[in-house]
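J.: So the sequence lines, in the order shown, correspond to chains L and C.
Read in order, the letters of the first sequence are residues 1 to 585 in our numbering.
Read in order, the letters of the second sequence are residues 1 to 316 in our numbering.
Incorrect hints may appear among the rest.
Pairs of lysine-lysine, DSS-like flavour, derived with a Cα cap of 30 Å [claimed, not checked]:
| no. | chain 1 | residue 1 | chain 2 | residue 2 |
| --- | --- | --- | --- | --- |
| 1 | L | K160 | L | K256 |
| 2 | L | K473 | L | K419 |
| 3 | L | K515 | L | K200 |
| 4 | L | K185 | C | K71 |
| 5 | C | K71 | L | K236 |
Calculated Cβ distances over 12 Å to all of chain L for the following chain C residues [said to hold, decoys possible]:
| no. | residue |
| --- | --- |
| 6 | A105 |
| 7 | A204 |
| 8 | S230 |
| 9 | R235 |
| 10 | L252 |
No lab work stands behind these hints, which were simulated from the structure alone.
Don't be surprised by glycine CBs; every beta carbon is placed ideally from N, CA and C.
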Amino acid sequence: MPTDRAFETSLERAKEFLGLRRMNRRDLIRFVGGTSGLAVLNVYISACTGQPPAAAAPTSAPPTSAAVPPTPAVATQATAGQPVTGGVLTIGYDAEPDSLNAYTTRLFASTESGIHEGLIVTNDKMEYVPNHAEAVPTLENGGVQLNPMRVTYELRPDLKWSDGQPLTSEDVKFTWQAIVNPNFKRGGFNFGEGYDLIEKVDTPDPRTAILTFKGNYAAYNGMFRALLPKHVLDGKDINTDPFNRVPVSNGPMRVKEWISGQYSQMERNPFYRVAGRPYLDGLTMKFLTATNTRINQLQTGEVQYINQVPWDRMEEIAQFPGVAIQSLVVNSWEHLDFNFRNPTLQDLAVRQAFAMGIDKKSIAEKVLQGKVPVADNVVTPLSWAHNPNVTKWEYNVEKARQTLENAGWKAGSGGVREKGGQRLSFDCVTYAGDALRERVQQVIQAQMREVGIELRIQNYPPNTFFEQVNDGKFDIKIHRWISSAEPGFASFFASDRMPPRGLNNVFWDNAEISKVFDEADREVDQNKRKELLFRAQDILARELPTIPLFYRPNVIATTAKLKNVRMNPTNDGDMWAVADWYLER
Amino acid sequence: MGAYLTRRALGLIPMLIAISAIVFGILHMIPGGPLAVYLENPYITPEQIERLRQQLGLDQPLPVQYGLWLKAFVLGDWGYSFVSRRPAVDVVLERVPATVQLMGAAFVLAGLVALPLGILSALRQYSKLDYFATASAFFGISMPVFWFGLMLQLTFAVWLGWLPSAGMIEIGDGSLVDRLRHLVLPATVLSLLYAARWTRYVRAAMLEVINQDYIRVARAKGLYERSVISNHALRNALIPVITVVAVDVAALFSGAVVTEKVFAWPGMGQLFVDSVLKVDYTVLMGILMVGSAAVLAFNLVADVLYVALDPRIRYE
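Work out the full structure: start from the sequences and follow the hints.
T.: So this is what it looks like as structure tokens:
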């Protein structure tokens, strides 16, 4: 008996496998080639026409017309079908959240994004769109006024919390008060320093909140990504309140139950601000930390959505029957940096030799299987602040050698160049355990040997890595930064941000760029701020304290029946528009 | 015996305190610390990190931190998790049922296999059965758990579809049958290693005993073979075996990292690894204290079992 059953099953599987193989592969190619290309193209167009991205924000549909599902950037033919209400989606998630309070969680991946909504949100094209607010405040639309800087948020009418209580501007004020309370132990990724720069929050009526800042603060749109309910939390210790596990929230979903180590269940929030949404009755999130287990559960249908799909498994998974793959290049970049405390690395010729000696294209194609776009700039093309015209250093071994030769670095023993007894030999560090990055590191080591530079690989576990790096104990480091939609790269390169005061852990002291950053941080007019940030990127590309290597895609795999999923390039999370997801019958 | 047990049980207390001091010291030697996660974040200023350090008491000298921890721990307050901000006692103890279920099932399964297989293997040394048992034991000992687990998952869940691939219950079900179905694969994988080890110990111990003079005497006085084996050989052979098993079984509360990860089992092992990676001192201390207490307790149990098995052993 068992053998019969086994035979039948495997025969079935084989049929499905052969029949659906071609279609899924096509899907995959459309994704890899299409999606990221499209997103990048959009940004290039808006950069060329000089459109301020904030102007694009109000295009998001007001609540009344939201009954028509928005066309996702990742359009597939199948989305032409009518959305259906109902069904529970089970997700295999790679990590268990530590807290479902957006201001105490330390995790980057925001599982809480389907539960909470803020005043505004970053969409799939990395533009700000209003969520609970009527509009994204800017200088142009009068939402921002200067001297002193005041930002006015007008809330949408009739907002409610998931317990049915009204949501008012008092909750905005309470959120700010809760965060700046000195006893509050802040979490991670909604940590923006902006809250400390607010002097007061006025609430002239239940729908209006006016933030008055102590000085000009350009990154004000990065704040208030979630709200805290005053009627639930007032007078409580927010650090330890049960709210952090089962919050009263304002997003499309609300938490029903969270069983540690196993799963959390979310159900439709009946008080959600958009009528008729979400389409899904609920979400179940299983915590499956092992990648292979996630993939197996997707294959058996025990889960219908998995995140953090490794690139080298994409093609295999795309062939599973009834499974679709989606990928999006996110706001994160891999880079190689120089330690300016090492006098040899202060020589621009040496850094230029690296820039010309590393063949990013061949690494992207061969090691990273063509799934990763090459980076020339620390600001990703998704950002309005991305400068497409910075100096690009083409791969050219001959020119790299010549540059070193001209600077007096002559071939020495073992093929390593030297000058006055100083050899071009450096410690190169990264996190241990990231196999892909370690392979990239080895290829770079081989490529630099061609130029006459020796790299000694020395890697640290993740939690030691930053300690070593911030102490300046390295010559060359390879890792990645993840950024919110705000172009916050001043932290990495301004002279006054060296550890322990910031993350300029290349210890680069450049007066020119520091002045530009200082102005940009306080420039509220986005067009002027963009000019300043463009200039900063020019300086970086010229002076090369860092060599950007690649931008990084995130990949998910879902049942092909799940429609309307739009991923998010920032820490606003892939569930930012979960209200629009629906399951085809 | 009663007085002896009381004395031993009381003796565990200074032992546990000594262990806690050592473990506390070692944990604080982990480079990075619980705030290292913030160093990567461009939006957190050093002033904010410093404030957190003070709020969490991490700026105090280590002996002071230990003293505060010990005082609270004895009073039942294990502190708050640095990661989830929930009471550490909840975070740790909520993992106990799942851990005991998995480990217990694996131990029972392993015992049921190892005892008969080890005895038969010794009695019929160099027989086909013996060779089979030996080969299986080496297979079990050398099999990488994550690989074997994934293979079982692929075979029984993905290809055959007989069993769920991971998790502890089907959400919304949770009946006994459902729980048992989820338990089969992880318990099998986990029991393999223990069954293999224990089979070897039982076999070795039995081989040593059955060549002793007193076994020959027992046979010479005309006892049935059955009685010789179970009353004379096995009882003596079990003493070294119990020493080994007691140490293994102490892991009842510590969990099995790899198996739990592969099968998404909400046990102590996964919690431990997560907490190590995030350097969550309070939770780590809780787990390690539970684990240490289990080791000491099972050693005591082993000592008591010696008496039951061997009348020559007496505790005063």
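J.: All hints are to be evaluated individually against the structure, with a verdict given for each.
T.: Hints and how they fare:
Between K160/L and K256/L the CA atoms are separated by roughly 18 Å; this keeps the pair inside 30 Å, and the hint holds. At most 30 Å may separate the alpha-carbon atoms for a hinted pair to count; K473/L and K419/L meet this at roughly 23 Å. For the suggested pair K515/L and K200/L, the alpha carbons sit about 29 Å apart, so the restraint of at most 30 Å is met. About 24 Å separates the Cα atoms of K185/L and K71/C, which keeps this hinted pair within 30 Å; it holds.
Of the supplied pair hints, the one linking K71/C and K236/L holds, its CA atoms being roughly 26 Å apart against a limit of 30 Å. No Cβ of chain L approaches the Cβ of A105/C within 12 Å, the least distance being about 17 Å, so the stated non-interface status holds. Against chain L, the non-interface label of A204/C holds: every CB pair exceeds 12 Å, the least being about 35 Å. Every CB of chain L is more than 12 Å from the CB of S230/C (nearest about 37 Å), matching its label as outside the interface.
Every CB of chain L is more than 12 Å from the CB of R235/C (nearest about 41 Å), matching its label as outside the interface. For L252/C, the condition that its CB be more than 12 Å from all CB atoms of chain L holds, with the nearest at approximately 17 Å.
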